[in-house]
Structure formats: structure tokens, C-alpha cells
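So for the sequence shown, our numbering puts the first residue at 284; every next one is plus one.
Hints were generated in silico from the structure; no laboratory data involved. Note that this is a predicted model, so its numbers are computed, not measured. We put the beta carbon where it would ideally sit given N, CA and C, even for glycine. Each statement offered as a hint is correct.
Dumping the calculated SDA-like pairs for lysine to any residue here, alpha-carbon to alpha-carbon at most 20 Å:
| no. | residue 1 | residue 2 |
| --- | --- | --- |
| 1 | Lys-330 | Gln-420 |
| 2 | Lys-658 | Asp-544 |
| 3 | Lys-326 | Arg-379 |
Computed spacing ranges between beta-carbons, pair by pair:
| no. | residue 1 | residue 2 | range |
| --- | --- | --- | --- |
| 4 | Lys-452 | Thr-627 | 55 to 65 Å |
| 5 | Lys-296 | Arg-457 | 14 to 24 Å |
| 6 | Phe-666 | Ala-388 | 47 to 57 Å |
| 7 | Ser-567 | Ser-291 | 45 to 55 Å |
| 8 | Lys-658 | Ser-458 | 51 to 61 Å |
| 9 | Gly-405 | Pro-561 | 51 to 61 Å |
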Amino acid sequence: MALSIKLSYDEEKPLTPGSMVLGVVKFTTSEDRAIESLDIDFKGRTKVFLNQNYGDMVVSRTDFTSESYLFSRHTNLYSGERIEYKGTYSWPFAFRIPLFAAPRAVPPGSKDSFYPIRPWKGDAALVAHPLPPSMKQSGKFICSIQYSLDATLVYQAPAANHIKRKGAKLEASRSISVQSLDMTCCTQPADDWPYIVHRHTMCCALGRSSPRPICRLIPILPKISAHSAPEVKLFFSVWLPKKVEIKEQQAFFVPISCTMDSSAAGQELSPLTDEQCPNAVVCSFKLALVQHTHVRAGSHTSSSSQRVFIRRGSVTVPVSHKRSSATQTTTSTPTSSVNLCDATDMSLPPDLLNADFSTYNIARLHSLEISFRMKYGKKKHKFTLRDIPLRVVPQSERELDRRLNEGIEEDDEYGCYLIGIRWQDYRANTSCTLDHTRELLQAIIAEPGGDGDCVLEIPPPAYTA
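Input sequences plus hints: build the corresponding full structure.
Now the structure itself:
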């Protein structure tokens, strides 16, 4: 006797909020059984296990846990209380993954309430709560987001001597992986400029315009006899991306440039030669993508940071000459800029990237960190940019539009209202969706499985997708 859950979906197309989860519950028995009922639940949960050590000697240790549901769907597949003969039986089911987490029925002021403290979501906040992706992380704390299908079959053995036996349960569970959906593509206007500019100012001394040979031959002469070299400002600009999509053949494009202020002490300098104004040499740079995970259990919080992507290299940057007006911040990259991806491999493996999300007790964010060691003339400079926010989002490709066109659940209407999606503008062709769902379910039932052909000796009750 065995109970299993079999799914049917294209593994190359990951499940996202709004996707249909289609499958069958298969029951195989080698003897006659009286089946009372068969139920299946589709749930989303978040869990956090946080341990806190107090004192240097770790005398006391207290563990804190936090658990919350994201949604719950229940379907009764069969309730007949009739004797089924030995064989294999299948009951099809269909669930639609919601777009948003369901509001939790928690009374105000309850100890189980989650308050809306940044960066987490809360129960009382009137903001949309997009469904987070599946994840699991361990280390200084353990946290997970799981989506599971749980089937429960209640049966009785045939009555002996007219004595009805107590019903027994047979359970089966299966986890599914759900990726998040970018909700901002339909609610926020497109950003015309996907970069943010960071500028570092350096003071550098130019080479002498006409060095005297006598100064080099007789170094004991007073220094006042040599012309002092004028100081100029060198503006080193870095263009860092604001957002990165998780997709194949993705790379970081990080342009950098150097611009020299051609005025000194309010007066224009004479034209500079290449010898007097050499290129800026970036002896080494280091770019790191940092993933931050924040968790909470009650009033206790913890966080972890991990560098998931690191690249190093060196590059030479030509110095452009502009007037002092060039010191104003501009969005366009100059023609003399150099892209760091030309100096080293900046391709982003999609397996290393995880989308940002925020839920009741878990939040994941990303930031960039980049450091430079450079030399201009005889002077060395070093600086680092830290905690530069970077949004990591799943590949959109109008995926949200397709999900909305397929139709939404009633529970998602409120979430669409909060986030600003006009779901009424999307017309779902429900008849085609139902026909396609029935065809897929019939294919699942007729497909030979790993535990024997799925032959229905007694047809299951009627099912409407």
C-alpha cells in the first residue's frame, strides 16, 4: 500500500507565483480497502531558528523560533466510504500559486504578530506582500521558505465479524520549488538611467613644464630655485548598476573614467602635454557582490553577509581634460571611459544569484563593494565604496503580464490593489485555460509511472479543474 504525489510541469520553465500546479495523487493497494476520504493541502511556510549565546563562557543558551504561514489551500479529492478493490487509483488536482501572501488572521497585540520593521514585512502594514521564493540557509541561524503539497488518505480495513475498525491514515508529501516574480515591472516606470555615479576627488601635482637641467645636476641648490608644480583636481568616477536580472549571459558593466579640472587657483593652465598629464593606472581593483540575510524571532534579530561574487583586476584609464564645469555630476559616461568588464571576466553565473525578497521573518538584500588602488604620476591613491544598494530581480520577460492574463485568485485582488496593479485591465481566457488544464491532467493519469501503470480499475469521482 502506497500513496504518492506526481506532478507535471516543464522543468525548464520554473514555477512562479500565478503558475498552475497540476498533478495526481496515486494510491496503490494490494488488497481491498475501504477509503473514507482523501484530502490535499497546498501550503507556504517560513521558518527561522535562532540561537543566542549569552556570556563569554556560554553558560546559558536560549533558542528562539519563528514560524508563519504564507498561504494555505485545501481540496477534498474523495469522500465515499466505499470498498475499493486492490489496484492503483489516481485523483487529479490543480492549484494556482498565489501572487501575494495571504493576510494572517492574528489579533492585534498578539505575541504572534509581526510588526512592520524594516526590512521585514508586517501584519498591520497596508503594503503588498509578494510571495517570496523558496530558500534554505544555515550557519549562525537556520531559515527556510518552503512550499509543499500534503495528501492525507483515511481508510479502513474490511470489517471482520461486523466490527468496524478505526480509520487509519496514510500520508504523502512533496515539496515544490517556487521562484519569485518581479512585481515592479508593471508598477514602476522604467528607469532611463540604470546606473548610479560615485565620484572620488584626488589632488595631484602636475609635472614641471620646463625642468631646469641645473637643478638635476646640482641637487644642493635651494629648492626655491625650482618652479613649484601646480596642483589640480582629478575626478575619478565609477558607474555602478542599480539593478541586475537573474538570467543567462549576464555580466556587470562598470565604466570608470578620470577627468582633470584644467583650472588652478581660478586661472586657466596652458595646454598640457602627454608627459605632463599621463594616464591614471589602476594598480588593482576588487569588486564584490554581497548577499545580506536578515532574520527575526520575536524581538531577537540576527543577520549574515556573504560575498557571492568577487572579481579582481587592473586597468589603465586615460585622463580627459575639461573645464571646472565638468565637475558637475552628469549621467552620461564620457568617451574616455573604460569598462572593467574589458579588464576581467565580469560574467555573473545565474546559479550564484538569488532574488531580493522580504517576508514576515526573513529578508534578503544585496549590495556592492568596490575598492581601488591607483597611481597617478608619483602619487598613490586608495579608496573603497561600500554598501552600494543593488536590486537583484528575477528575469521578467513580461512574465507578470502572462500570469495576470491567465486570471488571478480572489485573494490576490487586494494585493494587486495595494501594489498598484490594475488587474481589471487583463482579460483572462478562462475557457482555454480550463481545457488546457484538463488535457494535462488526463496526460498525467494516462502516463506510465515509476510504480506501475496508472490503470483506473474503478474511475475516481468527477473532478473539475
